[in-house]
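Peer 1: Single-letter residue listing:
Protein chains: 2
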Amino acid sequence: MKKIQIYDTTLRDGSQSEDISFSVEDKLRILQRLDEFGVHYIEGGWPGANPKDEELFKQARKFKFKNSKLSAFGATHRASVKVNKDPSIISLLNAKTPVVTIFGKTWDFHVREALRVSKQRNLDLIYDTVQYLKKKVPEVIFDAEHFFDGFKANPEYALQTLEAAASAGADCIVLCDTNGGTLPGKVGEVVKEMVASFDVPIGIHAHNDSECAVANSIIAVESGAVHVQGTINGLGERCGNANLVSIIPNLKLKLKAGCINSNKIKKLRGLSRFVSEISNLRHSKNQPFVGDSAFAHKGGIHVSAIERHPETYEHIRPELVGNYQRVLVSELSGRSNIIRKIKEFKLKIDPDSPKVAEIVKDMKELESAGFQFEGAEASLELLIKKTFGLHKKFFDLKGFRVIVSKRKEGEEPISEATIMIKTPEKIEHTAADGNGPVNALDKALRKALEKFYPQLKDVTLIDYKVRVLTAGEGTSTKVRVLVESGDGQHKWGTVGVSENIIEASWQALVDSIEYKLLRG
Amino acid sequence: MKKIQIYDTTLRDGSQSEDISFSVEDKLRILQRLDEFGVHYIEGGWPGANPKDEELFKQARKFKFKNSKLSAFGATHRASVKVNKDPSIISLLNAKTPVVTIFGKTWDFHVREALRVSKQRNLDLIYDTVQYLKKKVPEVIFDAEHFFDGFKANPEYALQTLEAAASAGADCIVLCDTNGGTLPGKVGEVVKEMVASFDVPIGIHAHNDSECAVANSIIAVESGAVHVQGTINGLGERCGNANLVSIIPNLKLKLKAGCINSNKIKKLRGLSRFVSEISNLRHSKNQPFVGDSAFAHKGGIHVSAIERHPETYEHIRPELVGNYQRVLVSELSGRSNIIRKIKEFKLKIDPDSPKVAEIVKDMKELESAGFQFEGAEASLELLIKKTFGLHKKFFDLKGFRVIVSKRKEGEEPISEATIMIKTPEKIEHTAADGNGPVNALDKALRKALEKFYPQLKDVTLIDYKVRVLTAGEGTSTKVRVLVESGDGQHKWGTVGVSENIIEASWQALVDSIEYKLLRG
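Order-wise, the sequence lines are chains Y and D.
56 is the number of the first residue of the first sequence in our numbering; add one for each residue after it.
56 is the number of the first residue of the second sequence in our numbering; add one for each residue after it.
Okay, chain Y solo, but in the shape it has when bound (with noise of 0.2 Å):
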């Protein structure tokens, strides 16, 4: 079985992307996961270019690496001085890491605009830089910058650059699409050339710009390559660079090349997920291999071939990724959909209750007025459980009023809500003023409500989305709101549907604090 070895770069070149700005304690937990994650290298950045990043390497001394190599990220040095006595080659060997990555130039244009040196003096950087280092540092891997247009643009020059590293000792050559828009086609044959011309291992590091980087990883693997650099969720400047995520279980699960441990892979979509939340993007819902869509299967029909026969309807068995197959609830729902939502819910109820074809025929009533539990899973899980008499009522609305009113052009309107509810122990009558409508709404109703059921404080609403339902009709149209909500534990998505925005956005809202409720 052919090994090859995973560079993540997230921390470095990940770091890059355009929303991501990560604090040096978001570092530190990222670094953790990858290291329990299993990666064998993990670049922490590149200190002579950035203080936040020496900070990161004096703090990661104190940390036990299980499974990783910590790698410093810099440049070759710099013409004006000599190796030793670059400040930047100083900083990288202070930040004492058992790796060193040095990007180097190796298409001539570049050498000439950026570097402004000759082509020999670029050689003699690399050389030089590679050859200190290794003096110093047990592993030096070399960034081989902007390769596969530098080798379309002046091969010849190209290799030399690399003939340089090699001879200075890099333990690795990794051949770079900086600007991302090589082709598959293009990076084997070019992988293939340099694999039969260089003794030492190649890797690859591509950039998404064609939308080709995993495929370009792969296509480098499958010619020779043993070393791919990467980040998680393909974060990184412009279009991102390539998608460990997928790249690992590609590798893993169809290459079957030795990479991470079957077991670690399990963690995949965790480690996705724990990005994404450090990184504060959402998770993409359709990401390969780890999103919640991946696996969703439109019911219906073929429900229970999926059932019986998983591996012909998915590329993969999702468990292998930790991820997990769902049956999309939807206009084509039927029994065995329920039945298997009953199961997924963990409820006490007999599967072969004849509620079960209520619930089936409410679903599709809902669902033709528009409501969609697609994302709304704690909503179709109340709807079950009303059916079954397994819910119970926390308060009753006796009135709400939402006031929106703009005294003069140019002036934001004021929103307010009045509200009162009663619950088992009193009524209570309150107000609360907010940013638009549904925002007072939401806060009145949680103020009304807090002081009976205090577990409400942990509830925040993540994500609310609308969506105008029929087209044709101008402002009279009926609208879809979608909350998601989370307590810190848990998230969970409810629905309501309406021509008004606020019923609709009540529904939404009353079911989301019902399903916090239940659960206790």
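Treat the hints with care, as some may be off.
Any copy, or any two copies together, can satisfy a pair, since identical chains are not distinguished.
[Stated by the list, open to error] With a cut-off of at most 27 Å between alpha-carbon atoms, the simulated DSSO-like pairs for lysine-lysine come out as follows: (1) LYS512 / LYS463; (2) LYS463 / LYS440; (3) LYS401 / LYS440; (4) LYS319 / LYS57; (5) LYS340 / LYS546; (6) LYS419 / LYS463; (7) LYS419 / LYS107; (8) LYS247 / LYS311; (9) LYS401 / LYS340; (10) LYS309 / LYS241; (11) LYS419 / LYS520; (12) LYS533 / LYS107; (13) LYS441 / LYS463; (14) LYS309 / LYS247; (15) LYS448 / LYS463; (16) LYS107 / LYS137.
What the hints contain is simulated information worked out from the structure, not anything from laboratory work.
Small disclaimer: the values here were computed from a predicted structure and weren't measured.
Add chain D to chain Y, keeping to what the hints say.
Peer 2: Positioned in the frame of chain Y, the structure of chain D alone reads:
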């Protein structure tokens, strides 16, 4: 130059995305844009399975296609009836399209388990269906479902299914990676073999479950396929279909294959954003080629080099696909866009006026506040007119109040709006109720204005869309409202943004009315 046929299935396979539900009107708008853009085929839907799709085909018959051929999609005929008696086949023919695409089973396992017929019977179903349709429809395309998995499991049988389609006269045989699990190396190998085995043109239909759909499509073309199926923005169930928005520029700009006219490719970003809007999905910033970040360079070091030699820092020039570089955010690219719009709107304005720079600046501020003018060109036109003093006020708002009250559970809330406006003639103070707060406000505003401006009686609201802009703050997030209005002759779109949905709707409604009144 090799010619590649682009087959778009956004309206059929793309609409299987978990969060998408297109109305017939949405589909017609997308269809029109796809035809303008110049894809060769537009798959409109599955008339035998979906009554909404039958309506689409009926409506589409009124539409004069300039570039594309419309295709109806369906399955091989049911085993229980003859092909000419199968209601699904009859529906397909009733769609009256110049192209019909038929999918058939190629994986012996699915023949047995899902179709539940003998292997020979399945070959007959394929042959009979294709042959029958060929007599009635100019062009029949055969989608070989699960082909890559089927060919792996039983290559001999999978080949027989293609032979059945080919010998029955199929005009193109499309190899489908239905589960999306095949890696590019394998795709290349299998496509090469099929291209060598058949005289019929071979196509590719890839899904993105391994994050290789774009690369698989490209590799298929490099291996001899001449027909590529996919969707705009890679919409589709699970992890999506192959993304035409990346495939087209890869084919055209890198492999130099003939597919879409260069002038049209400049509309790629516009098309991609349009489909996102209609889908009510956020346009992904880091989407290759067309995302806001796709050509965003982090400032600093190389800016002057990027300015002098952008081609060495970018895999393609962003202008080729209607995108732009963001380091240089560009007075220039902003300016030239505005000047183009001034021409488009036929405004009598000097394009060299310094006020153009003012508009560019205003637009940037509005865009960073969440406005978007792609679906709201009437609001943009008003903005330009205001800056150039070509706008006049028709009324002043003296205040409005919107009240939604619900008196008990199970009751629909009552919505009413009061409004006071001042026209040059007099003050009008009135009120209206409506289905929901926005509808009430809309009705009150029209009621107040129609007395003075009877031409508003012709104006109807065609579409109303709400988009939640920022996640993570529950119901207190910003929303963008897009309103589409029409007066029987023209249609126009306007936009509003606020944390308050009533205020955002108000802005878009006022723009819509002012736009109409200015046109006279």
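Peer 1: Each hint should be assessed against the structure and marked as holding or not.
Peer 2: Comparing the hints with the structure gives:
1. When the C-alpha separation of LYS512 and LYS463 is checked against a cutoff of 27 Å, the pair qualifies only between copies, where the shortest distance is 25 Å, while the shortest distance within a copy is 36 Å.
2. Taking the shortest Cα distances, LYS463 and LYS440 sit within 27 Å of each other only across copies (23 Å), while inside one copy they are farther apart (48 Å).
3. Proximity of LYS401 and LYS440 under a CA criterion of 27 Å is satisfied intra-copy only: 11 Å inside one chain copy versus 61 Å between copies.
4. Taking CA atoms no more than 27 Å apart as the test, LYS319 paired with LYS57 passes inside one copy only; the shortest distance there is 18 Å, against 46 Å between copies.
5. In this assembly of identical chains, LYS340 and LYS546 lie within 27 Å of each other by CA distance both inside one copy and across copies; the values are 14 Å within and 26 Å between.
6. Only between protomers do LYS419 and LYS463 lie at most 27 Å apart by alpha-carbon distance; the minimum there is 26 Å, versus 46 Å within a single protomer.
7. Taking identical chains as interchangeable, the C-alpha atoms of LYS419 and LYS107 lie at most 27 Å apart only when they sit on different chains, with a minimum of 17 Å there against 40 Å within one chain.
8. In this assembly of identical chains, the alpha carbons of LYS247 and LYS311 lie at most 27 Å apart whether taken from the same copy (20 Å) or from different copies (24 Å).
9. Proximity of LYS401 and LYS340 under a CA criterion of 27 Å is satisfied intra-copy only: 24 Å inside one chain copy versus 39 Å between copies.
10. In the homo-oligomer, the alpha carbons of LYS309 and LYS241 lie at most 27 Å apart both inside one protomer (22 Å) and across protomers (11 Å), since each shortest distance falls under that limit.
11. Proximity of LYS419 and LYS520 under a CA criterion of 27 Å is satisfied in both settings, with 22 Å inside one chain copy and 25 Å between copies.
12. When the C-alpha separation of LYS533 and LYS107 is checked against a cutoff of 27 Å, the pair qualifies only between copies, where the shortest distance is 18 Å, while the shortest distance within a copy is 33 Å.
13. For the homomeric pair LYS441 and LYS463, the shortest alpha-carbon distance between copies (20 Å) is at most 27 Å, but the shortest distance inside one copy (47 Å) is not.
14. In this homomeric assembly, LYS309 and LYS247 come within 27 Å of each other (Cα to Cα) both inside a single copy, at 21 Å, and across copies, at 21 Å.
15. In this assembly of identical chains, LYS448 and LYS463 lie within 27 Å of each other by CA distance solely across copies; the values are 15 Å between and 43 Å within a copy.
16. Within a single copy, LYS107 and LYS137 get their C-alpha atoms as close as 26 Å, which meets the 27 Å cut-off; across copies the closest is 72 Å, which misses it.
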